[in-house]
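> Protein chains in written order, with my numbering: chain A, 1 to 155; chain B, 1001 to 1332; chain C, 2001 to 2366.
Hints may contain errors.
Said to hold, decoys possible - In the DSSO-like style, the derived pairs of lysine-lysine whose C-alpha atoms are separated by at most 27 Å in a straight line are:
id	chain 1	residue 1	chain 2	residue 2
1	C	Lys2169	A	Lys34
2	C	Lys2346	B	Lys1309
3	A	Lys31	C	Lys2297
4	A	Lys137	C	Lys2346
5	C	Lys2049	A	Lys80
6	A	Lys37	C	Lys2212
7	A	Lys7	C	Lys2346
8	A	Lys33	C	Lys2346
Said to hold, decoys possible - Stretch by stretch, here's where chain A covers chain C in the computed footprint (C-beta under 8 Å, at least three residues):
id	region
9	2038 to 2048
10	2128 to 2134
11	2211 to 2223
12	2228 to 2235
13	2327 to 2338
Quick caveat, the hints were computed from the structure, so don't treat them as lab data. Glycine included, each C-beta is placed from N, C-alpha and C at the ideal position.
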Amino acid sequence: MENLSEKLIKEFNGKLDAIKGQNNLNIVALKNKKLIKKLSWEIKNYFDILYTLTVVDYSPVFELNYVFSNYENDDILIVKVNLDEKDLSIDSITDIFDSANWEEREAYDLFGIKFNGHPDLRRILLPEDWPGHPLRKSFEINDEVRHWTGLDLKF
Amino acid sequence: MIFDYVYSIVSRFVFSPLSYIISFIIIAILAVIVTAFIPVFIGWVDRKYSARIQSRYGPVYVGPFGLLQNFADLTKMLGKRFIATNIDVLAFNFTPIVVATSSFAMLLLLPLGAPGLEFISIPYSLLFVYTLLAISPLLLLVAGWGENNKYALIGGFRGAAQIISYELALIIVLSSVALLSGSYSIPAIVAGQSSIWYGLYLPVTLLIFIISGLAIIEREPFDVPEASQELQAGWKVEYSGIRYGFFLIGDYVRVTVIAMLVTYLFLGGWLGPVLPGVLWFIIKAAIVLMIILTPRWIFGRPRIDQLIKFGWNWLLPLAILNLILVELFVVL
Amino acid sequence: MEHKDRIRMNIGPVHPAMHGVLKLILDVEGDTVVKAEPEIGFLHRASEKIAEMRYFSNYYPIMDKLDYVSALNMEILYASTVEKAAGITISERATYMRTIMAEIQRIMSHLIFIGSLGEDFGNLTSFIWALRERELLMTIVEKISGGRLAPMYMCNGGMFYDFPEGIDKDILEALDKIENKVKHEYSAVFTKNQIFLSRTKGIGIMTKDMIKRYGITGPIARASGINRDLRKVSPYLAYDKVDFDVPVEENGDTYSRFIVRLNEILESIKIIRQCLKQLPAGNYKTAVPWIIRIPKKDTFVKQESSRGEMGIFLVTDGSDKPYRLKLRSPTFFAIRALEELLVNVKVADAFVIVASIDPVMGEVDR
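Bound conformation, chain A alone (with noise of 0.2 Å):
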């Protein structure tokens, strides 16, 4: 595990960083949010899921985990990269771990984050035509919430 997180962080020179002495999790810090996708792929070698994908709102910046497992140990790997406010969008990466699907989709649905390239981002939990995203800590409960009836629903 220790050598993977090496030599992630030597393959992606500069755009990797390794954050250490928290809990003995494998953490890796992605710099740039556009190299995901290659990450993912190099990942893809190591680990076979998506285990879940963490949206930490630091406003003004978003802090994705996204956590990788596998089925044969017990390793994780905790990919974080950072959005800004302005720009709350990163490319998706159903097409490599496709159970990043529903996930990406939930993260969409409570934190208004846009997944590039995602098949199918839709809100999951909430309706469609909730107002905000409430797991935002800027989020308020304001008339507009406070009054929502519902959605039309068409048969």
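Given the structure of chain A, go ahead and fit chains B and C onto it with the hints provided.
Just chains B and C now, with coordinates in the frame of chain A:
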């Protein structure tokens, strides 16, 4: 025949045309009481029996041993609101009426445990009962169509397919019994079993009859058209209140009719030593009824394609083979 | 619609055979499904948002209501996460007690699965029988914690109460009964029942490749030949001190998923018996203040819940509340596979397949 008996009593006190009408009214009231009592009682038996299988108590509160629970349920159904919308009113209301009347007519046509103890006596009463049983595919399609509901529609299609697959086997089995006894009237068939019950030397026929009978009345495990899990209640889904109550009553009447038919056709009806015939009949019919009620609580439901495949590939050929063998037996 | 003989059935969210409030949009031709789309979110209660507004100790009731069929597993997971983040060590007795509770809950959850699988093709008796066996353990959970469905038993640093006197005798008694039923009665009702076999064998086959593509874990993955159980791969609690097998089946059909869970019940019984034998004396709880502050760090903990690998990604910022808490739910991934699984099956089979996934919507929608 009950009518003649009542008429002979009434005509002693009242003059001729009026006595006819009065005895007719008495008969009608009697018929309503009997036909309403039997399904409600059978329903209670079913509920108690299933509760015992599932380690539950079943109904206990209404009446002794919960006997009146089903009456309470039916009364409750009378007060229920009618909620279906966008329905075909004619088709929607047609089905419960026909289901109820056809089920009750079956009970009136069959002798209730002794020769002559029937409300309506016609020759070929067996064939008429069969016709009333086999009317269902039409009803299911009409109901499924009239309800304006996809579940109902699929249920209706399934039901029609299932019943058509099984009613052929049923009439063939019925015919082989009739062939053996030389008559379609129930007293004659029972009389034909005075030496040995047909069920004892035609066990396969008996089995085919029970299976196809269960399939026709859509009793579990053959309740694919109703499929309360996937289709909610299939073709019954939009019905509520007393319309649904009619279906419930109709179901239990049909179960009773199948049990009675099995007793008459295969188990010697009211024949038996020592005890009076009616008692023998009730004992036999009760045992058959219990056997018929059991599969619902111990089997799952087969898929519709498995069910129809079984009907056409196994049951029907077996029934035809059975008919041929019986025919050979009779001819030789 | 372009296909004239196609019917679109909106099954759920309110439907007797749907587990919770799952909604399936099925395009049906005759009795065959040609397109399926699962829709979730009807039980979304913003559990992750609620976490950001509560003290670490006050979030346990919400965890209970995630996977409400195996609530104790959820509590243990959350407790482990917070303890790992805050650097709290729990006593050995507490780890054993948690192992026992987790396995009791797993048996209860799998019994619900067995019952509802039978119920979904019309065998109501199986459901009631399974509930009857579950009730034995429910009583024990009630005796131990005071709660039934949502026990609220775990807390930071251990458990709220110690085991009551003589509970091990009750547990062993209940386990004997359940083992007897599972080994003899259930095999008669299920594995020797022709209708059950014909309805489950070869239905809803998930290949290994499919499992890996969708990221499915837990009993479903093990039914497809993937030998991965977090209790073995990275033992937590007391799982490295007990001896148990991981049941694996190769076929990946509904029947395999049933058999895997049936065998897991027996394995769990084994684990509980060993734990009760080894149960050490000591503190059941490490004294931890009600309000704790955890320094800024990321913590990721995953454990084997009844439905697969449940994980928590906890981000803390030095305050007394989580900054962000993300729940990784196993069935969230498994339900997506229904898109592919339900194509070209009969409508009746679709429901059995959904039941074999064993979704609990509280955990999927969070």
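> So, for every hint listed, does it hold in this structure?
Now for the hints, and whether the structure bears them out:
no. : hint                  : result
1   : Lys2169/C x Lys34/A   : violated (61 Å)
2   : Lys2346/C x Lys1309/B : holds (15 Å)
3   : Lys31/A x Lys2297/C   : holds (19 Å)
4   : Lys137/A x Lys2346/C  : violated (46 Å)
5   : Lys2049/C x Lys80/A   : holds (21 Å)
6   : Lys37/A x Lys2212/C   : holds (19 Å)
7   : Lys7/A x Lys2346/C    : violated (49 Å)
8   : Lys33/A x Lys2346/C   : violated (45 Å)
9   : 2038 to 2048          : holds (count 5)
10  : 2128 to 2134          : violated (count 0)
11  : 2211 to 2223          : holds (count 5)
12  : 2228 to 2235          : holds (count 4)
13  : 2327 to 2338          : holds (count 4)
Of the numbered hints given earlier, the model fails hints 1, 4, 7, 8, 10; all others are met.
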